[in-house]
Amino acid sequence: MNILVCITHVPDTTTKIKFVDGKELDKNGVQFVIGPYDDYALARAVELKESLGAKVTVLNVGKQETEPTIRKALAIGADEAIRIDAEPSDAIFVAHQIAHIAKQNSYDLILMGRESSDYNGGLVHGMVGEMLGWPSVSPCMKLDLEGTNAKMQKEIEGGKELLEATLPLVAGCQEPIAEWKIPNMRGIMSARTKPLNVVEAISVEGAISYNSFDLPPERSSCKFFEVDQVDDLVNALKEEAKVL
Amino acid sequence: METKPSQKITKGAEFIIKDAKAEDIFIPEEFSEEQQMMEQACHDFMNTEIFPHVERIEKLEEGLMPSILKKAGDLGLLGVTAPEEYGGLSMNFNTSMLITSALGPSGSFSTTYGAHTGIGTLPILYYGTKEQKEKYLPKLISGEWPAAYCLTEPDAGSDANSGKTKAKLSEDGKYYSITGQKMWISNGGFAELFIVFAKIDDDENLTAFIVEKSFEGITMNDEEEKMGIKGSSTRQVFFTDCKVPVENMLYERGKGFKIAVNVLNIGRIKLAAAVQGASKNLMDTAINYSNERKQFGKSISSFGAIQTKLAKMAVKNYALESANYRAGNDIDNAVQELIESGMSKEEAKLKGVEEFAIESAIMKVHGSEVLDFTVDEGVQIYGGMGYSADAPMERAYRDARISRIYEGTNEINRMLAVGMVFKRAMKGSIDVMTPAMEVAKELTSIPTLSSSNDSDLFDKEKAVLKNLKKTLLMVAGKAAQKFGVNLNDEQEVLLNLADIMIETYVTESVLLRTEKLVLLKGDDFCKNRISAAKLYLVDAVEKISLAAKEAISYVAEGDEQKVMLMGLKRFTKYELPNIHLMRREIAQEMISNNKYCF
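Going down the list, the protein sequences come from chains A and B.
Counting in our numbering, the first sequence runs from 74 upward without gaps.
Counting in our numbering, the second sequence runs from 2 upward without gaps.
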């Protein structure tokens with residue numbers, strides 16, 4: 074079985090985000106990681122590899138700076154990697170790149186996070202499925218394979234949905250699909266010896282451009298009222314918070 | 002994997018008489034991508050396996066700590082420098098420093114980890130026979146068997162060789178019967194293997210044994226009620242006619258103390274790495290709290306009183322890290338040179354650490370005191386919450402305190418470090434006498450007014466550093482002249498000399514790290530690091546000045562004292578930087594990033 078795992082290269086979730094002139098992310102001092110949802114997708118792929126036997130290829134659309142993140146995926150257990158040498162400008166651009174690679178290979182399963190944790194679009198898996206004519210499921214919280222049949226579980230309002238589909242398919246993953254994996258030291262040491270192929274991006278016209286970025290306003294401090302100050306509380310909700 | 006050190010080799014303690022160059026030292030910014038990934042994996046390990054379970058760990062929940070140790074083994078964290086044939090990674094010493102530092106914030110686990118991978122495993126790794134290594138190392142490195150080290154006894158603490166535990170050979174010559182009491186045994190409660198030191202018959206010196214828990218005759222007291230690291234098992238262990246097969250004697254009869262000392266040399270510098278990691282993590286915690294805590298309508302991090310604390314903490318941590326990895330790499334270089342000269346790998350590793358035993362002791366003392374400073378100010382920044390067990394600083398404060406005590410108290414390590422310098426000087430392996438005499442001559446000559454060439458970065462600071470070394474030589478030379486072989490009895494003077502030596506080593510390290518980093522990343526990137534190095538120098542000069550005065554007041558009198566004090570005044574002269582401004586700028590960088598900035 075061949076599994077393609079698509080990963081994003083995103084700022085660590087604890088990063089204090091800053092912008093340069095409101096135009097772009099200030100990358101100075103920012104630590105980049107594999108997108109947290111992608112990490113679950115990768116972990117499930119490695120589990121499937123260990124239990125059923127599979128070749129896991131990891132793919133990232135990004136410039137050279139993303140290679141340490143890709144090598145971390147190799148350290149976690151992917152067998153080889155593809156870096157599409159381009160800025161991941163928007164979802165449609167990225168989806169086209171993934172679909173292009175998928176068409177040249179015979180993947181049974183394409184896994185990725187339900188969304189990236191930078192722009193949080195949550196669009197790419199659906200687009201890739203559409204481009205390839207494959208089913209796509211998101212957010213996929215459980216994925217088991219029986220031959221070419223995939224049994225999945227998806228969270229829906231007030232309950233869960235159980236789905237079945239025949240491979241190949243695309244899944245946008247989230248916890249608890251797999252136990253998140255820490256690369257072991259041997260995996261880290263062997264990551265550099267695994268193939269990391271850099272390929273040129275295909276030409277795709279971007280659909281979205283960003284004009285500027287602003288930080289959300291700072292939260293004001295919390296105001297406390299004693300239990301016998303109900304009138305003051307109501308007054309504050311009316312006059313200050315203006316929610317009543 | 003790049004594990005081969007690439008810098009120039011220096012001899013242990015040579016920093017006293019020679020000036021190292023920036024290109025000769027290793028700086029942590031040179032760690033490879035793989036090494037950084039290993040560090041990050043350790044952080045991930047703590048975030049998933051340790052921090053969410055701290056309360057359970059602190060309550061010593063049965064089976065929990067050994068299971069965490071096993072998970073660390075699965076990740077490959079328990080045999081970083083051990084050969085691959087036993088399940089290790091065969092990485093260099095500085096990588097093990099990096100990993101130890103990364104696991105430093107784990108509190109109780111850090112102690113469990115240090116005891117297991119250090120004093121528990123290394124005696125077999127370095128002194129075991131092939132059979133002993135094959136039998137035990139894979140179990141230790143995989144985490145299947147936790148290890149403990151039984152040296153200390155109720156009446157044998159710092160004076161370890163005075164232990165009373167006895168080993169008697171059986172009549173059939175097949176086993177030793179060990180009887181005695183050991184205390185403060187880390188990992189005692191769950192260890193499957195004990196390294197036990199005992200005296201055979203009426204021997205004057207200790208012999209080491211490998212003792213399996215399954216050997217009969219081992220009992221233990223309940224867990225010790227400790228001030229901190231409560232999740233780390235600490236027991237008294239009793240051996241009553243514990244039968245140990247003769248093939249489990251480690252190394253040679255009567256050579257146990259050598260094992261103990263050499264393993265402790267490694268333990269000391271590793272502890273320095275662990276406390277460095279703990280301290281850096283506490284900085285992040287303190288910075289984050291100071292940003293979040295609002296008083297008088299704004300974050301307390303906006304106040305100068307808090308900023309100056311944050312900056313002082315950062316400067317100390319930056320300097321500590323500079324010296325730790327410099328020493329770690331110097332050990333790697335020494336090991337590499339010994340291997341190339343034909344020595345076996347394991348022997349080379351021991352000799353390499355032994356060569357830098359002085360630096361190891363220095364770093365243990367310095368590191369544990371930096372952690373002490375950081376956690377103390379951390380509590381202060383937290384204010385009332387710092388005193389509450391609901392906030393992380395309270396536990397950290399208690400956990401930190403042991404660092405100045407174990408792996409040899411800081412007092413023992415200070416005296417040991419100075420004692421070793423004198424021993425090496427007597428043996429002629431390091432020539433301290435010639436430069437000491439030159440300094441003595443300089444004291445009575447007319448001072449030259451030549452100012453340093455201050456066109457290059459740190460020229461002025463390096464000139465001061467040279468003078469700090471002269472201060473050390475001046476005071477040490479006079480003390481040696483006055484007390485001769487009895488200097489060992491003058492502990493207050495030894496402590497003074499140690500303080501001068503520690504501050505000199507760390508100052509040189511922080512200046513050289515910064516200089517090297519400026520070459521790699523440029524002035525703008527390093528602006529606050531340059532300030533940090535200058536600020537460290539100021540602190541160091543003041544400390545050295547005080548230590549030297551204390552010593553001079555005792556070792557010299559009358560005109561000689563006056564001459565020495567004049568010399569000291571000259572040697573501790575420096576150009577005062579704008580301290581508050583620099584501290585504010587350093588604090589601002591951390592406040593803005595919401596984390597430690599170096």
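Derived by calculation from the structure, the hints in this document are not laboratory data.
Heads up, some of the hints might be wrong.
Within a straight-line C-alpha distance of at most 25 angstroms, the following computed BS3-like cross-link-like pairs (lysine-lysine) qualify [unchecked claim]:
#, chain 1, residue 1, chain 2, residue 2
1, B, K140, A, K254
2, B, K299, A, K89
3, B, K522, A, K136
4, A, K296, B, K461
5, B, K352, B, K131
6, B, K522, A, K89
7, A, K89, B, K313
8, A, K91, B, K299
9, B, K71, A, K89
10, A, K122, B, K72
11, B, K12, B, K22
12, B, K12, A, K91
13, A, K100, B, K522
14, B, K244, B, K169
15, B, K467, B, K22
16, B, K140, B, K71
17, B, K544, B, K563
18, A, K254, B, K72
19, B, K256, B, K244
20, B, K244, A, K254
21, B, K169, A, K315
22, B, K136, B, K313
23, A, K296, B, K295
24, B, K256, A, K89
25, B, K528, A, K91
26, B, K295, A, K315
27, B, K169, A, K122
28, A, K100, B, K467
29, B, K295, A, K91
Remember, it's a predicted structure, so these values are computed and weren't measured experimentally.
May I ask which of the numbered hints given earlier this structure violates, with the numbers listed in increasing order?
Per hint list: 4, 9, 12, 20, 21, 22, 24, 27, 28 violated.
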